[in-house]
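Novice: Chain residues, written in single-letter form:
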Amino acid sequence: MKSKIFMMIMAMSLTFTVGTVSAAGDLHIYNWGNYTNPEMIEKFEKMHGVKVTLDGYDSNETMLAKVEQGGSGYDIVVPGDYMIAIMVKKGLLERVEPNKMSNFKNVDPKWVDVYWDEGRNYSIPYQWGTTNFTVDSTVYKGDVDTLALLFDPPAELKGRINMLKDMNDVINAGLRYLTYPRCNANKAQLKELNTMLVKAKANWRTMDYSVIEKLTSKDVDLSQSWNGAAMRARKDRPELVYSYPKEGFTGWMDNVAVLKGAPNLENAKLFINFMMTPEAAGMTSNLASYANGILGSEKYMREELTTAPEIVMPAGAPAPEFVPPCAQEVTDLYSKIWTNLNK
Amino acid sequence: MADIATTAPRKIIKGIDLKYQPGFSQITWFCIVVLYAPIAVLVLFSFNENRSVTVWTQFSLDWYAKAWENEGIQHAALVSLEVAFVAMVISTILATMAALVTTRTPPYRGMNIAVAVINQPLMVPEVVTAVATLIFFAIIKQATGISGIGYLIAAHTAFCIPFAYMPIRARLEDMDLSLEQAAADLYAPPFKVFRRVTLPLLMPGILAGAMLAFIVSLDDVIITLFVAGPGETTLPLYILGQIRRGVTPEINAVSTVFLGISVILVTFIFLFGKDKK
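Sequences listed follow chains R and D, in order. According to my numbering, the first sequence is numbered sequentially starting from 1. According to my numbering, the second sequence is numbered sequentially starting from 1.
Honestly, the hints are just simulated from the structure, not real lab data. Here the structure is a predicted model, which is why all the values come from computation and not from measurement. Beta carbons: idealized from backbone N, C-alpha and C, even for Gly. The reader is advised that the hints may include incorrect statements.
Selected chain R positions facing chain D (in silico; Cβ < 10 angstroms) [to be verified]:
id, residue
1, Asn31
2, Glu45
3, His48
4, Gly49
5, Leu54
6, Ala229
7, Gly261
Listed next, the in silico BS3-like pairs over lysine-lysine satisfying Cα-Cα at most 30 angstroms (straight line) [said to hold, decoys possible]:
id, chain 1, residue 1, chain 2, residue 2
8, D, Lys66, R, Lys43
9, R, Lys51, D, Lys66
10, D, Lys66, R, Lys218
Here chain R is said to cover these stretches of chain D; the calculated rule only asks that three of the stretch's residues, wherever they fall, bring their Cβ under 8 angstroms from a Cβ of chain R [stated by the list, open to error]:
id, region
11, 29 to 43
12, 126 to 135
Input sequences plus hints: build the corresponding full structure.
Specialist: Now the structure itself:
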């Protein structure tokens with residue numbers, strides 16, 4: 001009796017081992033968690049008769065670690081701008097040439113020649129946003145469009161500020177405030193940055209990613225944040241205003257790309273073409289609450305997304321700056337400043 | 001580790017014994033609160049009506065209903081349970097064999113090394129095991145072209161073995177050898193001795209080891225993160241993937257349910273472990 005059960009269990013577990021034999025109608029997507037609209041996936045599945053699996057990662061670096069070795073089994077990934085540049089250099093992406101596909105005309109021309117993929121041979125825009133800060137306009141009534149509020153705050157904001165715990169976001173904001181270039185290796189300028197940051201830290205309350213929770217619980221009155229998070233916080237705290245500092249700010253963009261050695265290459269290409277349709281882009285924006293970069297998607301997006309100041313940049317704001325990854329020696333210097341700041 | 005089950009009851013010496021030092025109970029309570037308060041808050045907010053995880057409005061079971069219907073959570077929970085179950089079965093069988101070999105034989109050269117190898121997942125940092133396993137499986141996948149959930153199950157089985165091994169070995173050392181010797185004296189062949197005498201006596205230890213292996217497999221994050229392939233997201237991975245983009249109280253609800261399962265299983269382990277010899 002016992003050995004019969006034993007045999008059954010062994011047989012069951014062996015069937016699990018055989019697992020997914022690559023069929024013609026599969027697609028394996030590896031995206032950020034909670035970033036893919038399930039209805040959009042269903043639409044794609046019905047349109048092409050493909051079965052889609054969706055898995056989530058929490059950071060670009062985790063995704064890179066998993067796919068670098070090869071054989072991960074994924075077809076589609078959605079890296080950030082700097083990660084695309086890294087992956088292209090490492091030869092991890094398939095050159096699927098979206099610029100030759102039928103829906104390429106929908107891509108907003110200003111996102112075609114970007115530093116991480118000139119002419120769009122490997123990837124297409126997915127969502128993009130800006131990283132700035134948002135502040136309660138009843139607490140601070142002055143002009144919000146300046147980085148001085150982060151580094152030299154007025155009395156009513158001292159001790160009520162949250163910064164993102166992100167080395168690049170904090171250091172780049174500091175460099176812009178001092179009007180120094182990004183990817184800076186100039187030791188004198190970095191020393192000045194270091195002193196300025198340490199002095200400014202006395203006025204910060206916390207350095208934390210959970211921006212929405214901190215703002216809605218009134219823990220802080222000003223927080224560095226991504227534009228989508230600022231918009232969501234504003235729902236619960238309507239006095240918040242998103243700032244577009246005149247000194248400049250960081251833009252980021254997530255892009256859909258195909259992995260080299262993807263088991264379902266043809267389906268992956270179909271998916272890329274599908275993601276360039278205004279309807280798919282609109283559905284993604286509705287879920288993720290960011291701008292997409294595909295023309296004509298506004299009519300599929302929620303009303304608030306087409307009018308929110310966090311999503312639609314006001315006319316006078318400077319263009320967002322997409323900062324390429326810096327050389328190793330610069331990153332090492334930044335790490336020293338960051339470690340010192342976090343002491 | 002072998003000493004755990006065989007220490008004689010200690011005599012309590014007042015004045016030197018730690019339990020009677022002043023401030024001991026206060027420190028204990030402080031530690032318990034610091035460890036468990038976050039979990040209590042997690043469970044509490046799973047019953048919160050609004051979406052925030054910091055501001056309480058009203059009692060509601062909505063999030064449990066939402067979590068129940070969420071396809072991503074359902075699929076992840078099923079994968080977690082499937083992997084944990086199979087890994088538990090295989091690792092318990094292997095751990096039983098390992099425990100018998102390392103206790104019922106006279107010590108041979110290299111036995112300590114064998115025990116160390118069995119316990120390797122406990123001693124090496126998990127991320128090292130995870131990356132090494134990832135690279136190893138990548139080589140195999142590219143050489144043979146076979147993919148599937150078998151890789152994940154194999155990885156889980158490997159690190160579950162020491163967790164199943166410990167309680168079984170402890171139980172074996174507790175057991176009275178004379179019963180097995182008596183059975184052998186009565187002309188029972190070794191396998192019959194095992195099947196009719198050792199195994200029933202060992203059953204509490206095996207069950208405890210199996211449940212421990214199940215829980216450990218269910219909870220694992222780092223190795224699963226690196227080894228899981230497409231469609232093999234387990235529940236902890238699903239939760240981790242949500243963190244960057246904002247966690248809803250559905251996660252609180254799911255976590256509370258899994259916490260409940262773990263508590264029930266650990267209670268069973270505790271009760272079985274206290275079984276009479």
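Novice: Are R/Leu54 and chain D close enough, Cβ to Cβ, to be under 10 angstroms, as the hint says?
Specialist: Status holds, d = 8 angstroms.
Novice: Please verify that hint: R/Gly49, Cβ, nearest Cβ of chain D, below 10 angstroms or not.
Specialist: 18 angstroms, violated
Novice: Could you check if R/Glu45 really has its C-beta closer than 10 angstroms to a C-beta on chain D?
Specialist: 13 angstroms, violated
Novice: Identify whether the interface hint at R/Ala229 stands, where standing means a beta carbon of chain D within less than 10 angstroms of its own.
Specialist: 8 angstroms, holds
Novice: Should the hint that R/Asn31 touches chain D count as held when the rule is a Cβ pair under 10 angstroms?
Specialist: 9 angstroms, holds
Novice: Can we keep the R/Gly261 interface hint, with Cβ of chain D closer than 10 angstroms?
Specialist: 9 angstroms, holds
Novice: How does the region 126 to 135 of chain D fare against chain R when you require at least three residues with a CB closer than 8 angstroms, holds or violated?
Specialist: It holds, with 3 qualifying residues against the three required.
Novice: Given a cut of 10 angstroms on the nearest C-beta pair, is the interface hint for R/His48 held or broken against chain D?
Specialist: 17 angstroms, violated
Novice: Take the region 29 to 43 of chain D, compare each residue's beta carbon with every beta carbon of chain R, and decide whether three or more fall closer than 8 angstroms.
Specialist: violated (count 0)
Novice: Under the criterion that the straight-line Cα-Cα distance not exceed 30 angstroms, is the pair R/Lys51, D/Lys66 satisfied?
Specialist: 24 angstroms, holds
Novice: Hint check: D/Lys66 vs R/Lys218, CA-CA at most 30 angstroms. Holds or violated?
Specialist: Distance of about 28 angstroms is within 30 angstroms: holds.
Novice: Within a Cα-Cα threshold of 30 angstroms, do D/Lys66 and R/Lys43 meet the stated pairing?
Specialist: 22 angstroms, holds
Violated hints, in rising order: 2, 3, 4, 11; the structure is consistent with all others.
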